[in-house]
Amino acid sequence: MGKFDGILLVSDIDATLFNSQHRISEENKKAIDYFKSEGGKFTVASGRMRDAVGNYFDDFRINAPAILHNGAVLYDFDTDTVLYKKTIEPERKQAIFKVAQDHPEFGIEIYSDERVYIMQECFETERFKTKNYDVTYGMPDEIWDRPWTKALIVGTEEELDAFEPIFKRDYDSGYSARSGKFYLDIVANDVSKGYGVRCLAKCLKINRENIYAVGDNMNDYEMIEYAGNGFAVENAVKELKKIAKKVVPSNDDSAIAYIIYELINSI
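Start counting the sequence shown at 1; every next residue gets the next number (this note's numbering).
No lab work stands behind these hints: they were computed from the structure. Careful, some of the hints might be misleading.
Derived pair list, reagent style DSS-like, types lysine-lysine, alpha-carbon separation capped at 30 Å [to be verified]: (1) Lys86 / Lys168; (2) Lys241 / Lys202; (3) Lys3 / Lys205; (4) Lys30 / Lys3; (5) Lys202 / Lys129; (6) Lys205 / Lys246; (7) Lys3 / Lys36; (8) Lys181 / Lys98.
Generate coordinates for the entire structure from the input sequences, incorporating the hints supplied.
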C-alpha cells in the first residue's frame with residue numbers, strides 16, 4: 001500500500017505545471033515521481049492536442065489517461081486508445097465561419113482528427129513553425145463535413161476581452177472558454193475539463209473527495225469546481241481563485257510540488 005493509493009492529481013499544463021519558460025521544474029518532477037511511486041495517479045488536463053502533450057513526456061510522465069482539447073478527448077497514451085471523443089455540434093460551425101467573415105483580425109484554427117487547419121492566420125500562427133504538428137494552411141472544403149474536436153479564435157488579450165461576450169451573445173451561445181490571454185476555445189456543449197475529470201475518476205474508481213486538481217484559467221473552472229480539492233495557482237485569473245479551495249504558489253514556484261508535499265502532511 002502506497003501513501004497515495006486511490007488519489008488522483010490532475011494538472012493543467014500551460015502556466016500551471018509549466019513555468020514561464022515553458023518547462024517543468026526539477027522540484028515538480030521529483031515530487032510527481034514520488035507521488036506516483038507511492039501509488040498516486042497523476043495526469044494532465046489541457047486544451048492541447050495529443051502530440052502537443054505527448055511531445056513533453058521526456059520531461060514528465062503521466063500514469064493515467066490524459067484529458068485533451070479541454071475535455072473533448074480522454075486519451076490513454078499507454079495503450080494508444082481514445083477512451084472517448086466529443087465533437088462540436090455541426091450547426092455551430094456556421095458561427096465560426098461568420099466570425100471569420102466579420103473579423104479578419106482574428107486567427108481561426110480548426111482541430112480535426114489531431115490535425116490543425118488554419119482558417120485564418122494571425123500573429124500567433126508563427127508558433128506552428130517551430131513545432132512538429134500536422135498543420136494545414138487553408139480550409140479544404142471537405143473539412144466542413146468532418147468532425148471538429150475544437151475550434152480556436154486567436155487574438156490579442158484586449159481584442160478577446162472585448163469580443164468574448166459579443167461572441168457568446170451574437171454568434172454562439174454554446175460552450176467556450178478562455179484557455180489563455182490569446183485563445184478562446186470552442187468545444188462540444190456537453191464537455192469541459194470537469195467532464196473529463198468525472199469520466200476519468202469513474203474509470204479509475206476514484207472518489208470525488210480524493211481528486212486534486214489545479215489550473216490557472218477559465219477553461220479550468222469546471223475542473224476546479226468539481227474536484228474534491230480544487231486549487232488555483234497564484235498567477236490564475238481572479239474568477240478561478242474565487243472558487244478554489246486554496247490558492248497555491250505560482251507556476252514559477254513549483255505549484256505541483258507544493259500540492260504534493262501539502263498532501264503528504266495531511267495524510
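Checked hints:
no., hint, result
1, Lys86 / Lys168, "holds (20 Å)"
2, Lys241 / Lys202, "holds (26 Å)"
3, Lys3 / Lys205, "holds (17 Å)"
4, Lys30 / Lys3, "holds (16 Å)"
5, Lys202 / Lys129, "violated (38 Å)"
6, Lys205 / Lys246, "holds (25 Å)"
7, Lys3 / Lys36, "holds (10 Å)"
8, Lys181 / Lys98, "holds (22 Å)"
Figure legend: structure checked against the earlier numbered hints; the only hint not met is number 5.
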